[in-house]
Amino acid sequence: MVDGPGLCQTCGVTTENLPSVSIVIPAYNEESGIRHCLVAAIEQTVPAHEIIVVDNKSTDGTRAAVEAMQVAFPEANLRLIEQDAEQGITPTRNAGFDAATGTVIGRIDADSALEPDWVEQVQKAFATGEFVAASGPVEYYDMPMRAFGHHADDTFRKIQVKLAGKYVFLFGTNMAITKEAWLAVRDDTCPDREDLMHEDIDLAVHLALKGLKVGYVSAMVVGMSARRLDSSPKDYLYYVERFERTYAHHGIHDVRLLAPMAVFLGIYPALHAERRLHEHHTAQAWGGVPRQAAGEAPSV
1 MVDGPGLCQT CGVTTENLPS VSIVIPAYNE ESGIRHCLVA AIEQTVPAHE IIVVDNKSTD
61 GTRAAVEAMQ VAFPEANLRL IEQDAEQGIT PTRNAGFDAA TGTVIGRIDA DSALEPDWVE
121 QVQKAFATGE FVAASGPVEY YDMPMRAFGH HADDTFRKIQ VKLAGKYVFL FGTNMAITKE
181 AWLAVRDDTC PDREDLMHED IDLAVHLALK GLKVGYVSAM VVGMSARRLD SSPKDYLYYV
241 ERFERTYAHH GIHDVRLLAP MAVFLGIYPA LHAERRLHEH HTAQAWGGVP RQAAGEAPSV
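Quick note: the sequence shown uses UniProt numbering, first residue 1, plus one each step.
Note that these hints are calculated values from the structure, not bench results.
Watch out, some of these pointers could steer you wrong.
[Claimed, not checked] Pairs of lysine-lysine residues, derived as DSS-like cross-links and limited to a Cα-Cα distance of at most 27 Å, are as follows: (1) K166 with K210; (2) K158 with K210; (3) K166 with K179; (4) K57 with K179; (5) K158 with K179; (6) K158 with K213; (7) K179 with K213; (8) K166 with K234; (9) K162 with K179; (10) K162 with K210; (11) K179 with K210; (12) K213 with K162.
Given only the sequences and the hints, what does the whole structure look like? Please build it.
Next up, the structure:
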């Protein structure tokens with residue numbers, strides 16, 4: 001935990017001056033997983049300043065699930081706002097960032113599971129003033145060899161930071177940005193109404209164009225679902241090609257920035273098969289019913 005009143009031993013900042021952290025969670029039809037995401041966001045070594053779920057026209061029980069969590073955890077400052085003007089992740093993210101009142105805005109997905117010290121690590125990292133935005137590593141809680149996956153992800157992202165130069169990318173599943181930096185680029189970010197790009201990479205590009213630094217923090221760890229691997233090869237390819245489309249839209253042509261695209265395409269066949277096998281074994285363990293359908297929470 002962060003020390004009591006005094007000096008933070010990690011960042012050298014007095015603990016009462018550590019930045020406040022809002023957590024923004026865009027959500028669309030996330031009834032099945034939003035509770036587990038929120039439990040992890042609430043049960044932190046240092047509480048978040050606020051947790052904001054931005055519902056984007058959900059047609060399932062997402063809103064009701066969040067409202068039930070508000071009743072169960074009245075001390076958590078859990079807010080539910082609705083973004084009904086437009087379908088899409090970009091306007092939904094923007095609504096949450098605009099509503100956030102913390103010094104730093106954390107952004108995760110509705111199937112994310114924060115490590116218990118995530119808010120604390122964000123505070124310490126941003127207290128240094130070294131950067132205005134940052135991402136951290138992820139581990140897949142619904143895949144085997146979770147620890148190995150975490151190590152591999154962290155190693156790859158560190159390499160990519162070195163390759164990227166000034167265009168270090170952000171990862172929307174696990175990122176944070178100062179409110180000040182968000183306001184500096186908010187009106188420049190692309191609306192992407194055609195849904196062609198990675199909105200988190202677009203944000204990182206606009207920060208770079210303003211001369212604002214994006215960092216990487218290994219201690220900011222988030223668990224996430226590997227459900228993207230359930231996509232068909234065609235859909236997965238379209239998703240991965242968002243890297244290239246995003247950079248091309250900004251006139252940036254640097255093959256080093258496409259390293260993640262090459263890696264994700266390269267590992268898809270093996271991980272897709274591994275996930276199918278893992279789900280099969282899991283279903284057998286639950287008498288033929290997948291764990292999520294049976295109501296088991298991801299590990300948080």
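Status of each hint after checking the structure:
Restraint check for K166 and K210: satisfied, since their Cα atoms lie roughly 11 Å apart, inside the 27 Å limit. Between the alpha carbons of K158 and K210 the distance comes to roughly 23 Å, so the proposed pair stays at or under 27 Å and holds. Proximity of K166 to K179 is assessed by CA-CA distance (about 20 Å); at most 27 Å being required, the pair is judged to hold. Distance hint between K57 and K179 is fulfilled; the C-alpha atoms sit about 25 Å from each other, no more than 27 Å.
Between K158 and K179, the direct Cα distance comes to roughly 25 Å. Compliance with the 27 Å bound is thereby established for this hinted pair. Between K158 and K213, the direct Cα distance comes to roughly 15 Å. Compliance with the 27 Å bound is thereby established for this hinted pair. Taken as a hint, the K179 and K213 pair is honoured in the structure, with Cα atoms around 14 Å apart against an allowance of 27 Å. Annotation: proposed proximity of K166 to K234 is violated, straight-line Cα distance about 31 Å (limit 27 Å).
As the CA atoms of K162 and K179 are separated by approximately 26 Å, the hinted pair is consistent with the 27 Å bound. Distance restraint check for K162 and K210: the Cα-Cα separation of roughly 20 Å lies within the 27 Å cut-off, and the hinted pair is therefore satisfied. Only pairs whose Cα atoms come within 27 Å are accepted, and K179 paired with K210 is accepted, the gap being roughly 15 Å. As the CA atoms of K213 and K162 are separated by approximately 13 Å, the hinted pair is consistent with the 27 Å bound.
Checked against the numbered hints given earlier, the structure breaks only hint 8 and satisfies all the rest.
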